[in-house]
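Engineer: Line order of the protein sequences matches chains F and G. Whatever position you read off the first sequence (first residue = 1), add 26 for this note's numbering. Whatever position you read off the second sequence (first residue = 1), add 353 for this note's numbering.
Take these hints with a grain of salt, some might be off.
As the list claims (entries may be wrong) - Simulated crosslink set (SDA-like; lysine to any residue; CA at most 20 Å straight-line):
1) G:K601 - F:D559
2) F:K525 - F:F96
3) G:K530 - F:K576
4) F:K79 - F:F96
5) F:K525 - G:K530
6) F:K576 - G:R542
Calculated from the structure, these hints are not laboratory results.
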Amino acid sequence: MNRFAELLDRLAYEPGRNNKLRLITAYFRDTPDPDRGYALAALTGALSFKHAKPGLIRDMIMDRTDPVLFGLSYDYVGDLSETVALMWSKGGGDYCESLLGHPSPQPSTARGEGAQLSAALSSPDKSKATGKTLSVPSPLGGESQGEGHPAGSASDDRLRTSNLHNNPPPPTLSEVVTTLRTLGKTDLPKQLARWLDELDETGRWALLKLVTGAMRIGISARLAKTAAAALGNKDPHEIELMWPGLAPPYLELFAWLEGRGDKPVNRDPAPFRPVMLAHAIEDADFATLDPADFIAEWKWDGIRVQAVAGRDERGHMQARLYSRTGEDITKSFPDLVPSLHLPGAIDGELLVLREGRVQTFNVLQQRLNRKVVSPKLMKDFPIHLRAYDLLGDDENDLRELPFVERRAHLEAFVKKLRDPRIDLSPTIAFDSWDVLMAARANPANAGAGEDADAVEGVMLKRRDAPYLPGRPKGQWWKWKRDPHIIDAVLMYAQRGHGKRSSYYSDYTFGVWTSGEDGEQLVPVGKAYFGFTDEELLQIDRFVRRNTTEKFGPVRHVVHEPDQGLVLEVAFEGLARSPRHKSGVAMRFPRISRLRWDKPPREADRLETLERMLKDVTAN
Amino acid sequence: MRGSSLRMTGKIRRKASYISWMRPQDILIPLPAGLCCKPGGFHIDPVRPVERAVITHGHSDHARPGHGAVLATQETLDMMRLRYGDNFARTTQAIRYGEEIQLGDVTIKFHPAGHVLGSAQIAVSCKDLCIVASGDYKDAIDPTCTPFEVVPCDVFITEATFGLPVFRHGNAADEVKKLLASVALFPERAHLVGAYSLGKAQRVIALLREQGYDAPVYLHGAMEAITRYYESRGVALGELRLVRGMKKADLAGTITLAPPQATSDIWTRRFPDPVTAFASGWMRVRARARQRGVELPLVISDHADWDGLTATIEATGAGEVWVTHGQEDALVHWCKARGLAARPLDLVGYGDEEEHEVIAADEAEA
């Protein structure tokens with residue numbers, strides 16, 4: 027558990043993706059089965075046991091600490107699990123006792139002398155307390171009677187050793203996971219207290235994060251699987267493919283990764299297939315491409331998904347929805363499951379449709395990252411799948427077929443489904459790049475009609491392209507619509523993280539509006555990419571030379587009508603936001619150009635953004 | 354409640370009254386210039402220039418220039434000279450641990466504080482009443498300075514930098530192992546360890562050597578003088594090199610000690626993909642570490658942690674405790690819950706260096 031805790035601790039601070047991977051892979055390499063398997067389960071969210079509620083943790087700490095000290099500490103730290111992890115004193119039921127008799131964390135002669143002196147000098151009632159704690163502390167004393175032995179023999183061993191030694195061995199991650207699976211609710215506090223006694227600060231923090239189900243350390247399931255794949259130099263897609271057939275602690279997976287076992291077979295009736303992705307097309311590319319080789323369709327601004335259905339051994343239909351990275355997101359969209367009633371694998375875009383009209387991404391966003399999907403949510407944001415491609419039809423794998431043939435299969439499949447929630451993504455007729463360019467510039471007139479606002483651009487797919495995993499060169503191209511552009515003024519700058527920690531690389535920018543004090547800038551967004559390394563150096567230098575105030579890590583950069591830096595900001599969309607002072611929020615803002623030539627007074631105004639907002643909502 | 358010096362009665366008075374009429378606040382009293390001993394005619398760690406100063410240790414918030422006469426350990430005097438030049442005071446006098454000196458009506462005696470090289474607690478006795486001003490101290494093992502010594506007393510003046518029960522520093526050797534594990538995992542990156550240049554940096558180097566790390570350790574230029582001084586006092590630190598003039602590629606896989614402020618500034622661009630570490634007791638709290646953009650927090654402190662503070666207070670046997678710079682409230686509460694008379698001392702100018710330190714004066718401690 028302590029090694030796992032160390033990993034979580036390190037991951038929580040590490041900003042770089044590659045470094046996170048290295049840390050996780052190193053952990054998998056060093057840690058034996060089954061601990062590493064349970065760690066992989068914890069990182070991929072595959073563990074589910076009844077979580078301890080924060081209230082329980084709070085009660086436990088209240089029982090053994092002074093409430094005033096707890097209050098001051100909690101205020102200072104700001105996180106319950108962390109406060110408890112740090113304040114926990116071993117074996118204490120009575121806080122006065124535990125405060126007096128803390129075991130010295132490091133061998134300190136000074137402290138040893140101190141204890142004796144203390145006993146000698148203190149008043150009778152104090153020496154009584156000191157005497158108690160000077161005797162060999164027995165963290166589990168009084169608890170061993172009537173103990174439920176939930177962890178079996180391992181726990182018994184620990185109990186015995188703990189009665190002999192001051193420091194019983196901390197639990198392994200496997201022990202924690204397997205015990206929690208079977209432990210009754212009433213036994214939970216006692217078991218938790220025992221583990222908290224045995225672990226160090228970081229171990230306690232990790233344990234509490236684990237049992238309260240609130241890890242939040244910025245690791246996606248995909249990243250954890252990629253790290254596991256690196257252990258055996260495998261493609262993470264392979265793990266993704268077999269994943270639904272695997273269960274913690276993943277012994278066969280690790281055996282295969284270390285070359286000790288056969289590749290696990292995915293017997294899942296609705297497996298994920300690695301997704302094919304497109305390259306962004308550049309102007310120069312068109313000269314080398316023949317329009318006749320390509321089929322074009324709209325690039326919908328939703329979420330790319332794979333919808334798979336298949337029959338399990340008992341003949342029941344199983345349907346799953348996967349994100350493009352292979353994460354199972356079926357639970358978030360239960361309303362789509364009944365529509366997946368034919369065995370097959372559709373590659374498509376998840377959208378919200380109201381009265382047949384595709385809604386913008388902002389609307390779809392209301393359905394994302396929800397813990398509970400309420401009937402009201404499903405009714406107000408009706409989910410829809412727009413199909414691009416068919417990867418499997420019943421038992422037949424279609425991925426080797428050319429796109430034009432898969433498209434024919436897809437059309438037949440969607441027809442056979444006859445489901446209002448699933449339709450075909452239409453193709454765009456064109457015979458030259460100019461015609462397609464016109465369609466891209468004005469989708470409403472080129473077939474997208476009233477759905478044009480949800481069109482992000484155009485996709486070009488080679489008629490003869492098989493369905494290949496990853497981003498193969500020259501097969502699929504995306505040709506996005508031009509982003510929205512505004513000129514905004516740099517207002518605040520903040521240091522970046524990791525490699526960028528010595529640079530001011532996060533920028534808050536604003537546009538002009540009329541306020542009580544006349545013309546003033548109001549922040550409308552934040553961006554931390556889009557610029558080149560050279561431009562980053564230039565902005566960084568500008569920030570350092572033009573700082574007017576510092577608030578902690580934030581620098582207030584000069585932004586006067588005639589003094590300041592104008593940034594050309596590109597963004598994909600705009601939404602109303604009561605949380606922002608300006609009332610608008612940008613989607614995917616990035617710095618597209620530095621306008622050293624432009625004085626701040628000539629930057630855009632908030633009204634321009636408000637007008638764009640009106641245009642969007644009016645459609 | 355704060356600052357009411359007349360509340361200090363209780364045990365002390367009872368204990369001492371049959372011998373003396375003296376109250377502790379007649380011996381030491383907090384004034385704007387610092388803790389003042391009127392019967393001895395001196396201030397302890399004054400923050401403003403005074404005629405006679407007695408100084409606990411060399412950190413810049415405690416040891417300031419411009420006093421008339423300064424009494425301190427040889428090491429503290431040397432450090433002040435190193436930082437402020439030869440004329441940092443009109444006259445100086447060195448005192449050894451265990452040595453007693455009569456000043457006016459009081460006797461003072463220096464005892465090791467275990468904080469940094471030369472750091473001392475100052476026991477001030479007048480008749481039968483003994484007050485110990487401990488300055489900054491720690492009761493954990495530190496290979497670079499004389500270990501802390503418990504001094505029995507009537508009134509104990511303690512710091513409270515880490516005066517909350519969430520601060521438990523653990524074993525510093527384990528933190529250094531964490532650093533070495535990271536160096537092994539990322540051999541192509543440089544590891545930058547933010548550490549205050551007086552005390553913390555040398556301790557981290559010594560801990561690295563204890564773990565068997567024998568490669569050269571690199572130093573930011575601001576640390577050179579004080580680190581060489583430690584070596585001159587017999588603290589073995591192995592091979593040390595300056596970062597200045599090194600090629601970027603050659604710093605891969607190395608460990609560099611730098612003032613904390615430098616680890617997040619332009620200076621770091623000379624290192625290959627640096628991992629930013631910071632050795633400080635504050636690193637115990639995640640939000641603090643994250644706020645500073647630290648990737649590898651190392652909980653290594655030159656101050657006593659909560660357990661150390663409370664154990665020390667107990668051990669001194671003092672019936673009265675004055676608490677200064679830090680989280681006074683929690684420690685005062687703890688003392689009172691134990692029936693000890695306790696109050697915060699409203700001294701300003703100490704211990705807030707964490708947020709304000711700059712490279713030129715980075716030696717202030719945390």
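Engineer: The structure should be examined with respect to each hint, and the outcome stated for every one.
Structural biologist: Hint check results:
1. G:K601 - F:D559: Distance ~18 Å between G:K601 and F:D559 Cα, so the pair holds.
2. F:K525 - F:F96: Not OK: F:K525 and F:F96 at ~37 Å, beyond 20 Å, violated.
3. G:K530 - F:K576: 36 Å, violated
4. F:K79 - F:F96: 18 Å, holds
5. F:K525 - G:K530: 24 Å, violated
6. F:K576 - G:R542: 30 Å, violated
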